[in-house]
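Residue numbers (the numbering used here), protein chains in the order written: chain H, 59 to 334; chain E, 59 to 334; chain R, 59 to 334; chain D, 59 to 334.
Just so you know, these hints were derived from the structure itself, not from any lab. Just to be clear, a hint being listed does not mean it is correct.
All copies of an identical chain are treated as equivalent in the list; a pair is satisfied when it fits inside any one copy or across any two copies.
Capping the alpha-carbon separation at 30 Å, the derived lysine-lysine pairs in DSBU-like fashion look like this [to be verified]:
id : residue 1 : residue 2
1  : K329      : K108
2  : K75       : K131
3  : K108      : K131
4  : K309      : K292
5  : K108      : K191
6  : K191      : K137
7  : K131      : K191
8  : K75       : K330
9  : K292      : K191
Residue strings, one per chain:
Protein chains: 4
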Amino acid sequence: MQASSLQQKFIQIRSNKAFELFVIGVILLSAVLVGAKTFEQPPSVMMALKAMDLFITLFFLTEITIRFVAEEKKSQFFKNFWNVFDTLIVLVSIIPIDNSESAVIARLVRVFRVLRMISIIPELRILLVSLVKALPQLGYVMLLMFIIFYIYAAVGATFFSQINPVLWGDIALALLTLFRVMTFEDWTDVMYETMEVYPLSWIFYLTFIFLSAFAFLNMVIGIVVNVMEQEHEKARAEKLSQEGNEEPTLKDITLQLQQIQSQLASLQQDKKSDRA
Amino acid sequence: MQASSLQQKFIQIRSNKAFELFVIGVILLSAVLVGAKTFEQPPSVMMALKAMDLFITLFFLTEITIRFVAEEKKSQFFKNFWNVFDTLIVLVSIIPIDNSESAVIARLVRVFRVLRMISIIPELRILLVSLVKALPQLGYVMLLMFIIFYIYAAVGATFFSQINPVLWGDIALALLTLFRVMTFEDWTDVMYETMEVYPLSWIFYLTFIFLSAFAFLNMVIGIVVNVMEQEHEKARAEKLSQEGNEEPTLKDITLQLQQIQSQLASLQQDKKSDRA
Amino acid sequence: MQASSLQQKFIQIRSNKAFELFVIGVILLSAVLVGAKTFEQPPSVMMALKAMDLFITLFFLTEITIRFVAEEKKSQFFKNFWNVFDTLIVLVSIIPIDNSESAVIARLVRVFRVLRMISIIPELRILLVSLVKALPQLGYVMLLMFIIFYIYAAVGATFFSQINPVLWGDIALALLTLFRVMTFEDWTDVMYETMEVYPLSWIFYLTFIFLSAFAFLNMVIGIVVNVMEQEHEKARAEKLSQEGNEEPTLKDITLQLQQIQSQLASLQQDKKSDRA
Amino acid sequence: MQASSLQQKFIQIRSNKAFELFVIGVILLSAVLVGAKTFEQPPSVMMALKAMDLFITLFFLTEITIRFVAEEKKSQFFKNFWNVFDTLIVLVSIIPIDNSESAVIARLVRVFRVLRMISIIPELRILLVSLVKALPQLGYVMLLMFIIFYIYAAVGATFFSQINPVLWGDIALALLTLFRVMTFEDWTDVMYETMEVYPLSWIFYLTFIFLSAFAFLNMVIGIVVNVMEQEHEKARAEKLSQEGNEEPTLKDITLQLQQIQSQLASLQQDKKSDRA
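Hey, can you work out the whole structure from these sequences and the hints?
Set out below in structure tokens:
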């Protein structure tokens, strides 16, 4: 009974607006802390920052505990991606740090606390989910793009590796260099270098830029068309539900007309039987 | 009675097309003056420019006074954003300039006089208002983008501050550097530098470019879809108002058909009573 | 009578498909000549090129004469923009060249002969006309953009002219520098230079990039929406003309129903008079 | 009879899902091999790679033979672009390599084996075909763009070849330089160099950037509008087929109404003949 009353109290806390705002406040503080630590700070400030860090860790631990206790079906708790995400960030934070390598990971985890901003604000969560959902639809265009990249990288690494091993040494470096060319970042420097040995190598760069730009354009159009279709679908569904309530369909009208025709037919029948 | 006649005279002046064109002319002159002063000028020309500057200040003062007097409800005058904007620019212009610091502000204010171009041309005002209105709708995407920037800046400032303090010294510098990477401005120089220490840091840059480009694309699509919807809404509203005037709805037709059916029913009824 | 027969002969030539293809061929030759002259050529080839140049000039002169004679209403000939354009290019070509300055102009004119490609291919002419027509619709956005540029250039020329007179010396140079910043061309170099004197000048660059990118985006959307609307308008007009021919409107149906109702009313009237 | 049974066996193999996956696996292996060879490898690994290369060549030869034998109408086999493509890649692979020049070609062919990825995955094939189909529709815009490029290149090569022969030496180099300017790649360096001799040459660059950006924008809009129209066309066709099955047209309703009117007319006629 005591546990149950504790659970109800925690449910109250969890759904308390002020508590939610306080959690957002602590996440913001956590973000500011992460930023503040990148500046040179006097030792006293560093001490304060560390103390606040400890407070945030403990607070997040408390908050996740409250949410876990408040959850009615414990098994559902870890089926929610965001709960697992929040729990992981808290758990990694409380692992004792011994050597410098773990310290780097610990610092990284503190950075990712900022991501809790997304898990706490519903609108951002929806936005992120819709972004992630849009990705697989682009799957085949991205595969095609990767094939283009891979072939050009293989050609580049085969022919240009002697000219500049830093840019074209192997296929991995060549892929990075081609990405650089696609962003137009000093791509002429890369080109002029190879044109000294292979004067026609501008064909390599220009065809690559055209192909990748064209594939990229198609990716963008794919997203746009996709978004538009969703909008149209929504608009159509809305229109249909409106029509269903208010407007009759043409089919309803033909049915009505058929009724009229049978009424007329019965009138004509009556007439005939009248005469007879 | 005299004040009232003065007001009417000023209303006449304000709505005079020639006066409006003259005001636009003075604003253009003011813009040219601002530009002319950035060139090296002989002292005589500088004198002329200063005289013209004084004339413009006095003219703007006169114009705002005319508009204020012509306003029927004085309290409404300062509720209009553009009136407040114009008044502020004029008022700051007539504050006597003593030291060099104020002089800089005074020069800045003269530059902003060019903005009066927007306050005087209605089309530009509408355009600006619609631009400003479009901003908040992008709020959550921009927040998400800032979170992405902040996390990458925190990671960058944590790991790369030793490598290049000018670019990654603290989180503010790191944010600026990331914006530079997003514009593809010599981003490979930034990357190659950190790759010498952390050979896998290309993952940092490539994921950042993908994430920010993807979020940016979504922002653009957001604006496009929004604009499209407004257009559709307008088109639909237009169509509805046209239909309302000219075309009957399917509902009207079913009502008409019901009338016909009841007419037929009464005919059948008559028949029956006839026979009986 | 002889003149008239000449005119008819010329009309025949003008509308001859082979003649048209030959004109296109000569224009292409003219384009190749312009290109060939930019390469180092031995004197004999240069002689040949000059001879071909003379031939092209004479051919264009002949062709324009044929088209002028073939024109039925001479006064209409010069009301056509492309006729004036073609005539001007031919006339400037035959002006004797004396000094080197005119020679430069003569060379330029020969380059513009390539533009005759547009005047001869109808599809390109239509494309160009539609491009030019799209421009004024963007008028106000471009004016707003220029105001943004002008204000930032005035501020830049005022504050940064001491730091780098080559980039910010006067408002004209500042406008060019800002265009460079807008294209992201080494814009960080420009920024880091001024940040040494004014550490907060990054605000200047970032707000400028945001404003100009936002205005540019609106310009693009403006064009897209405009193009879309034209397409919708076309589609609607098509649909209307189809409906007019094939499909009755809802109004036609209500009229038909009214006829039915009056028929029924007369039936009921007959019945009544029958009984009476 | 034996040949026929072999053919049926091969048809079975060809349509076997496991065989298809195995082919994809070998193509992937071939892609990895191409990549692996760009890295420095110890001699033993190089031997293994060569052995695998031989295996892939033989496997591809076997696979194409199976597909050829399985084809019922041999004459149709080479009418399929992808069959020709696959056969060519295999045939060039088995040509014995003697000197270094052919070796380069042989290496290139091995790279193009990766393209078999597209010929084997139907979705990629469809994507590529639709990309290729979209190109000719842009024909005239691309021609217009080339004319713009050509004229600017001719002007550039005429005036700037003395200033920097590497960039503006002849029309081919000038075209490459202008493409560089269009990608904004260090375009200000190119401009500042010519501005030292011709201070007004910024007009050349700015007009070129505006024209090419505007033409490019029109190309993009052309693609977008085209894609949209295809979508609308699909949606309309879908809607029509749905309406055809479920919904009557307005024409059907008027026909029905005409039937009713004739029924009423006959009723009135009966009435009249009744009275008479």
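Against the structure, the hints come out as follows:
1. K329 to K108: neither (102 Å within a copy, 99 Å between copies)
2. K75 to K131: within (23 Å within a copy, 44 Å between copies)
3. K108 to K131: neither (36 Å within a copy, 59 Å between copies)
4. K309 to K292: both (24 Å within a copy, 24 Å between copies)
5. K108 to K191: neither (39 Å within a copy, 42 Å between copies)
6. K191 to K137: This pair counts as within: shortest intra-copy Cα distance 19 Å, inter-copy 40 Å.
7. K131 to K191: within (28 Å within a copy, 44 Å between copies)
8. K75 to K330: Intra 79 Å, inter 72 Å, cutoff 30 Å: neither.
9. K292 to K191: For K292 and K191, both the intra-copy (17 Å) and inter-copy (24 Å) Cα distances are at most 30 Å.
This entry does not satisfy hints 1, 3, 5, 8, going by the numbered hints stated previously.
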